[in-house]
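Trainee: Use these hints to put chain B onto chain A, whose structure you have.
Number of protein chains: 2
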Amino acid sequence: MSPLDRRTDVEIVEVAPRDGFQPIGPFIETATKIDFVRRLHAAGLRRIEIGSFVSASAVPQMADTPAVLHGVRGEGTLLPQLLVPTERRGHDALAAGSPMVAYVLSVSAAHNRNNVRRTPTESAADYERFASSVPAGTPLRLSLATTFDCPFDGRVEAADVMALLERLVPARPDAEICLCDTTGRAVPDQVRRVFGEAMARFADVRHWAMHGHDTYGLGLANIFAAYEEGVRVFDAAAGGLGGCPFAPGATGNTASEDVAWMFERMGVSTGIDIEALRTVAEDAARLPGAQAGGRVRDALRSRPELCGS
Amino acid sequence: MSPLDRRTDVEIVEVAPRDGFQPIGPFIETATKIDFVRRLHAAGLRRIEIGSFVSASAVPQMADTPAVLHGVRGEGTLLPQLLVPTERRGHDALAAGSPMVAYVLSVSAAHNRNNVRRTPTESAADYERFASSVPAGTPLRLSLATTFDCPFDGRVEAADVMALLERLVPARPDAEICLCDTTGRAVPDQVRRVFGEAMARFADVRHWAMHGHDTYGLGLANIFAAYEEGVRVFDAAAGGLGGCPFAPGATGNTASEDVAWMFERMGVSTGIDIEALRTVAEDAARLPGAQAGGRVRDALRSRPELCGS
Chain A
1 MSPLDRRTDV
11 EIVEVAPRDG
21 FQPIGPFIET
31 ATKIDFVRRL
41 HAAGLRRIEI
51 GSFVSASAVP
61 QMADTPAVLH
71 GVRGEGTLLP
81 QLLVPTERRG
91 HDALAAGSPM
101 VAYVLSVSAA
111 HNRNNVRRTP
121 TESAADYERF
131 ASSVPAGTPL
141 RLSLATTFDC
151 PFDGRVEAAD
161 VMALLERLVP
171 ARPDAEICLC
181 DTTGRAVPDQ
191 VRRVFGEAMA
201 RFADVRHWAM
211 HGHDTYGLGL
221 ANIFAAYEEG
231 VRVFDAAAGG
241 LGGCPFAPGA
251 TGNTASEDVA
261 WMFERMGVST
271 GIDIEALRTV
281 AEDAARLPGA
291 QAGGRVRDAL
301 RSRPELCGS
Chain B
1 MSPLDRRTDV
11 EIVEVAPRDG
21 FQPIGPFIET
31 ATKIDFVRRL
41 HAAGLRRIEI
51 GSFVSASAVP
61 QMADTPAVLH
71 GVRGEGTLLP
81 QLLVPTERRG
91 HDALAAGSPM
101 VAYVLSVSAA
111 HNRNNVRRTP
121 TESAADYERF
131 ASSVPAGTPL
141 RLSLATTFDC
151 PFDGRVEAAD
161 VMALLERLVP
171 ARPDAEICLC
181 DTTGRAVPDQ
191 VRRVFGEAMA
201 RFADVRHWAM
211 HGHDTYGLGL
221 ANIFAAYEEG
231 VRVFDAAAGG
241 LGGCPFAPGA
251 TGNTASEDVA
261 WMFERMGVST
271 GIDIEALRTV
281 AEDAARLPGA
291 QAGGRVRDAL
301 RSRPELCGS
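Chains A and B supply the protein sequences, listed in that same order. In terms of our numbering, the first sequence is residues 1 to 309. In terms of our numbering, the second sequence is residues 1 to 309.
Chain A on its own, in the form it takes in the complex (with noise of 0.2 Å):
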């Protein structure tokens, strides 16, 4: 059994203490990011991007993810996954021990430019380098940012998304294709089309994933879409933690709870523990400078009435 594959029905990928910490001003002390992955993996997430081996002077947030992985070494079933943006970040991943990497590029030029200086193409050579050179047996996953919209670009192309997955799958079939919607602006029925898409043209690749933001209320609905697709692996962030500290108003991650209790509330199994990840999620929402979202915590903490119809 590889890592990458399921012991539930669908697999939520906890990515608060990365994606959700990051635009955090304030430093959340080492111990407190691996107490909050412990308890995240205690209230049933297996898999957990703690961190990003990324540029320090760029993302200072990031800069004790080797500490983070050292301690929470050794925590049962959990699987931590680290973000990387370029081959070097990768290795240096794998050798100070993290037993996944997601490498991530950008579909839009403009986007991957901003991220990391280089064009789309640029990357997907250093991808192929990478991916080549991962041995064999070591899960990873390939993330590819802005799949459906870009901050700077808008609305980006299906074809685009193709032709760089025409690219990139050979390079490393077993690997996981996690397609995101980065500024959250991605809307059900494209997800359905994209996913759709990629998933008969590369019907070799057994590990599909889903990365999406909040931040216009399509979280879930985007999440649902990309189920009834067959996707089965989501990424989201206790608490809906997330934003961007140079845009005020931009917001997060879906909310695991928000995202754990749909699917259980269908009756697809996630693993989770809802009331202990409630718990965890009011703490992280709660961190100096995050900014949460998500409405199961609220809605938990009292009972729903009737007014009206």
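Any given hint could turn out to be false.
Reference listing, derived: stretches of chain B covered by chain A, where coverage requires no fewer than 3 residues with Cβ under 8 Å from a Cβ of chain A [said to hold, decoys possible]:
1. 184–190
2. 217–231
3. 255–262
4. 291–299
Derived Cβ-Cβ restraints for the label pairs, each shown as a range [stated by the list, open to error]:
5. B/Gly-196 with A/Thr-8: 40 to 46 Å
6. B/Phe-27 with A/Ser-269: 46 to 52 Å
7. A/Gly-289 with B/Ala-276: 31 to 37 Å
8. A/Ala-63 with B/Arg-301: 28 to 34 Å
9. B/Gly-74 with A/Gly-25: 19 to 25 Å
Some chain B residues flagged as far from chain A (calculated, every beta-carbon gap over 10 Å) [claimed, not checked]:
10. Met-1
11. Leu-4
12. Phe-27
13. Gly-71
14. Arg-88
15. Gly-97
16. Ser-133
17. Pro-135
18. Ala-158
19. Ala-159
20. Arg-167
21. Glu-197
22. Arg-201
23. Ala-203
24. Ala-285
25. Leu-287
If you are wondering where the hints come from, they were derived from the structure by calculation, not from laboratory data. Glycine is no exception: its CB is placed at the ideal position from the N, C-alpha and C atoms.
Mentor: Okay, now just chain B, sitting in the frame of chain A:
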């Protein structure tokens, strides 16, 4: 063309002046209510539930509905809709000049008892009397509260919904049937299943609508699911207003601006000027005592940025 026929791909029925305002404690002046209705109409909302004919002691905020109705008369293409829970209130509303009424009864016994102190069977007989006495040509909606879930009894069986429709549809086959997720605990696969079954069994019903709440963040996901089944009329409230004065944490209807943004982004016309609606929604969210929801207001206030993937 019937007033129930759509002029756009989908129709958003604005319910903030009724479902959104009614839980607000401080009385909203009649002139303010009228102003909101006018501005919502100017933003492109054609049908607006402007109030209800119910017990003024139970829902004091709705005591001035006759005055609001009078005040919005002659507003261009506006179709005011009034909620009523009994035949008597229905005739009162029509006598007061309301061009259409929405008759609400609950599928679940516990909820119907709590709402109107009657069994669903008693309400069904009352609706039959009312429906057969409303003049032909007067548009009518039948709203089934707690179609999916009851705040007292939990999950509602689809068989109970079908049995009620079996009895009530023949009383007025040209009525619009609105299935209501009163608690916000419907999940999208359930929404698809129940609408799918109802629309197949009652294929002669031309007008179907959905009323939802965003309490668990599922507002848009459920609307998308219903849309996929062929539903084209959706209730929503500007600013995501709602909640309940007796239940802190209970939250409101899906925000009209979120629904409009999703559909317009999908290329599905709503007839709504989102920027105009956003401005009204901001004001609605700022009403003293209001509990607001939705994400699009915040998202449109600033430009979303990338923070990783």
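Trainee: Does the hinted range 31 to 37 Å hold for A/Gly-289 and B/Ala-276 at CB?
Mentor: At roughly 34 Å between Cβ atoms, B/Ala-276 and A/Gly-289 fall inside 31 to 37 Å, so the hint holds.
Trainee: Regarding the assertion that B/Ala-158 does not contact chain A, is the least Cβ-Cβ distance greater than 10 Å?
Mentor: 14 Å, holds
Trainee: Beyond 10 Å on every Cβ pair: is that true for B/Arg-88 relative to chain A?
Mentor: Per Cβ check, B/Arg-88 is outside 10 Å of chain A; nearest 18 Å; holds.
Trainee: Non-interface claim for B/Glu-197: all C-beta distances to chain A beyond 10 Å?
Mentor: 17 Å, holds
Trainee: According to the definition I'm using, a residue is off the interface if its beta carbon is farther than 10 Å from all beta carbons of the partner; does B/Gly-97 meet that for chain A?
Mentor: At roughly 22 Å from the nearest Cβ of chain A, B/Gly-97 sits farther out than 10 Å, so the non-interface label holds.
Trainee: For the pair B/Phe-27 and A/Ser-269, does the Cβ-Cβ distance stay inside 46 to 52 Å?
Mentor: Since B/Phe-27 and A/Ser-269 have Cβ atoms about 48 Å apart, the given range 46 to 52 Å holds.
Trainee: Is the Cβ of B/Ala-203 more than 10 Å away from each Cβ in chain A?
Mentor: 24 Å, holds
Trainee: Does B/Gly-71 sit more than 10 Å from chain A, CB to CB?
Mentor: 22 Å, holds
Trainee: B/Leu-4 clear of chain A by more than 10 Å, beta carbon to beta carbon?
Mentor: At about 18 Å from chain A, B/Leu-4 clears the 10 Å cut-off, so the statement holds.
Trainee: Test the statement that B/Ala-159 is away from the interface with chain A: the closest C-beta pair must be farther apart than 10 Å.
Mentor: The claim stands: B/Ala-159 keeps its Cβ more than 10 Å from every Cβ of chain A (closest is about 18 Å).
Trainee: Using the C-beta atoms of B/Gly-196 and A/Thr-8, is the stated range 40 to 46 Å upheld?
Mentor: Check failed, 27 Å falls outside 40 to 46 Å.
Trainee: Is it correct that the beta-carbon of B/Ser-133 has no partner in chain A closer than or equal to 10 Å?
Mentor: Holds, since 22 Å exceeds 10 Å.
Checked against the numbered hints given earlier, this structure breaks hints 5, 9; the rest are met.
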